[in-house]
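Novice: Here is what each chain is made of, one letter per residue.
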Amino acid sequence: MGTQQQYLSGLFFIAFGALAVWAGTDLTIGTAADMGIGYTPRALAIGCVAVGCLLLVQAFFSSPADDEVQLSIAWRPLLLVTIMVIGFAFLLPRLGLPLTVALMTGAAAFSGEKFHWPALGAIAAGMAVLSTLLFSTALNLQIPVWPF
Amino acid sequence: MDLFSNLALGFSVALTLKNLFYCFAGALFGTLIGVLPGIGPLATIAMLLPITFHLEPTGALIMLAGIFYGAQYGGSTTAILVNLPGESSSVVTALDGYQMARQGRAGIALATAALASFFAGCVATIVIAIAAPALSRMALLFGPPEFTALMVMGLIAAVVLASGSIVASIGMVMVGMLLGLIGTDVTTGEQRFVFGIRQIYDGIDFVVIAMGLFGVAEIIANLADRHARELPSGKITRLMPTKEDVIQAAPATVRGTLLGSILGVLPGGGALVSSFASYSLEKRLAKDPSRFGKGAIEGVAGPEAANNAGAQASFIPMLALGIPPNAVMALMIAAMTIHGITPGPKFLTDQPTLFWGMVVSMWIGNMILVILNLPLVGIWVKLLKIPYAYLFPAILVFCCVGVYSINYRVFDVFLMAGFGVFGYFLRRIGCEPAPMVLGFILGPMVEEQFRRTLLLSDGDFSIFLTRPLSAALIGVTVALLLMMALPSLRKGREEAFREQD
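Line order of the protein sequences matches chains F and H.
Heads up, the first sequence is in this note's numbering, so the first residue is 2 and it goes up one at a time.
Heads up, the second sequence is in this note's numbering, so the first residue is 799 and it goes up one at a time.
Quick caveat, the hints were computed from the structure, so don't treat them as lab data.
Among the hints, erroneous ones may be present.
Computed, partial: chain F to chain H, Cβ under 10 Å [claimed, not checked]:
#1 F14
#2 G25
#3 L28
#4 G37
#5 V52
#6 L72
#7 S73
#8 A75
#9 R77
#10 L81
#11 A110
#12 G113
#13 F116
#14 A125
#15 L140
#16 N141
Nothing here was measured: the structure is a model prediction, and the numbers come from that model.
All residues carry an ideal CB built from backbone N, CA and C; glycine is no exception.
Construct the entire structure; sequences and hints are all you get.
Specialist: Now the structure itself:
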């Protein structure tokens, strides 16, 4: 019996391939001489499913060490970083760059890393000013700066 | 001779004050970001891409190349000082480099890495100047079947030469190709897999994927793996190697350079394979192999020369054929496309100033790196001491602004968040995202050539085997796959990559 990772990777490829087959049902397949836009995607999707099956078979016949059987996900960084990025996308058009950056930097307080509030505050303020000066003033990127 | 007049042309472009500045700025920023732990060349280039948006193409390309080898070099600095390779190609540098640092020879290790890289860079620049035009002349003989076969060979080689499960990597390539096909089909104008989302009618932007998989996902992984980070200890005192060091390091440097120049050109090759190959070679040639892993200077000089030569040589297939041999070059193609440049056989003849200016600026850039890095090493050390809690939000801001500024829309940032989660998940289940990125760029190219080939042969697949060049390429691909099926060779491959652990 293999590891959770092995089974999950097998299932992932099967699921991805199946999704691609399903999403591509309406695309014309055509023939080899006159390919429709569905030809290559279908071939690749079937390839994905085949890879997934092969991985499952491999997993079934392998014998891993005990300590690598469990899959571990670091939920806290995963959630925090995702929220920070989504937060950036959500807040930027509403608050402008400096405020968004300051809030985003401040959110690092929840990372579980060691930090000091005064330093983090200073860095948040510094990043807000510097990023605005760099991206908006110096590089002239069309980024909203002020809240409106 | 042609070569000299071409190089002279290159110097006239690269030595203008403006381009020198771009080269310098690129190398500086590249090193600055590349030094940060966990940020490899791919993420660095993607992050710094917006800086080049407003430059004219020559300046932008020179700067991008500068960023690339700066990042490459920055990775070695981190590897030596804190045993944390910024990118996979400096993994082997960390083995002996970090040990040297612990013995108080950090400065010497850094200087050796810098000088070996510089030597390799000089040689590789000449190799590019000679090999790229030759290769692009040869590419003019290629038809659709040859291009299809060549790209398939490249993808398979990339899989075989990378670490990790081969089956899963082939799967990742196909996932990448499927993602690459999203959007409007060039030939028919019909849309595929867009699910009614207007923002992806033109396909998903490569930078969004690269930044999600290698920027955001990497930050998540770094935050999760906290105890892996060590602080650099001690002061860097002596920089210059002794005479004895030089005698030991010089032959390793030459061997590493040769190895890197050859392996870098191969499809799927580049910095990573070159450095691993060089380390194994040095260990095998050494009189006393047990010194390796305990601070052998050859173990720094060889792989560093090899990875720099390999990194630069991988520009050859990218520029001459328009086919990226690895994920970083795929990003370079994407970056060039943003500036309206399409690399390929015609690039060299149509845009000689751009090509030769870039080649020469690589050499200048390598020199700048030596000048920049040896005196500034103290600053890089300080940078490494910044706690990650302050560092990662700053990196994340760069990623977000970078992705936002490609099309000035927040949709891309949301998409990047999605790919970040996807990338982290893939890594956890043991699937390396690098082959996927390569597949993403090559997917539409392979499809187009594949379609043309079969149109040409009226649906007859035997065309791949009846044309001698494509038959040879298919032969190599099959041989590569068969080799991996042989247990003894598979074991050899596993051993070669074992140095990582």
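Novice: So, for every hint listed, does it hold in this structure?
Specialist: Now for the hints, and whether the structure bears them out:
A cut of 10 Å between beta carbons decides the hint on F14/F: the least distance to chain H is about 5 Å, and the hint holds. Against a cut-off of 10 Å between C-beta atoms, the interface hint on G25/F holds, since the closest Cβ of chain H lies about 7 Å away. Interface hint status for L28/F: upheld, as the beta-carbon distance to the closest one in chain H is roughly 6 Å, under 10 Å. Among the interface hints, the one on G37/F holds; its C-beta lies about 8 Å from the nearest C-beta in chain H, closer than the 10 Å criterion.
Given the 10 Å rule on beta carbons, the hint for V52/F holds: about 4 Å separates it from the nearest Cβ of chain H. Proximity of L72/F to chain H holds as hinted, the smallest CB-CB distance being about 6 Å (cut-off 10 Å). A hinted interface residue such as S73/F counts as satisfied when its beta carbon comes closer than 10 Å to some beta carbon of chain H; here the least separation is about 7 Å, so the hint holds. A least Cβ separation of about 3 Å between A75/F and chain H falls short of the 10 Å threshold, and the interface hint therefore holds.
The restraint placing R77/F at the interface with chain H holds, with a minimum CB-CB distance near 8 Å, inside the 10 Å limit. Look at L81/F: its Cβ gets to within about 8 Å of chain H, closer than 10 Å, so that hint holds up. Against a cut-off of 10 Å between C-beta atoms, the interface hint on A110/F holds, since the closest Cβ of chain H lies about 8 Å away. A hinted interface residue such as G113/F counts as satisfied when its beta carbon comes closer than 10 Å to some beta carbon of chain H; here the least separation is about 8 Å, so the hint holds.
The criterion of a C-beta within 10 Å of any C-beta in chain H is met by F116/F, whose closest approach is roughly 4 Å, and the hint holds. With its C-beta approaching chain H no nearer than about 8 Å, A125/F sits inside the 10 Å limit, and its interface hint holds. Because the beta carbon of L140/F sits about 6 Å from the nearest beta carbon in chain H, less than 10 Å, this interface hint is met. This hint holds: N141/F has a C-beta 6 Å from the nearest C-beta of chain H, less than the 10 Å allowed.
The structure agrees with every numbered hint stated previously.
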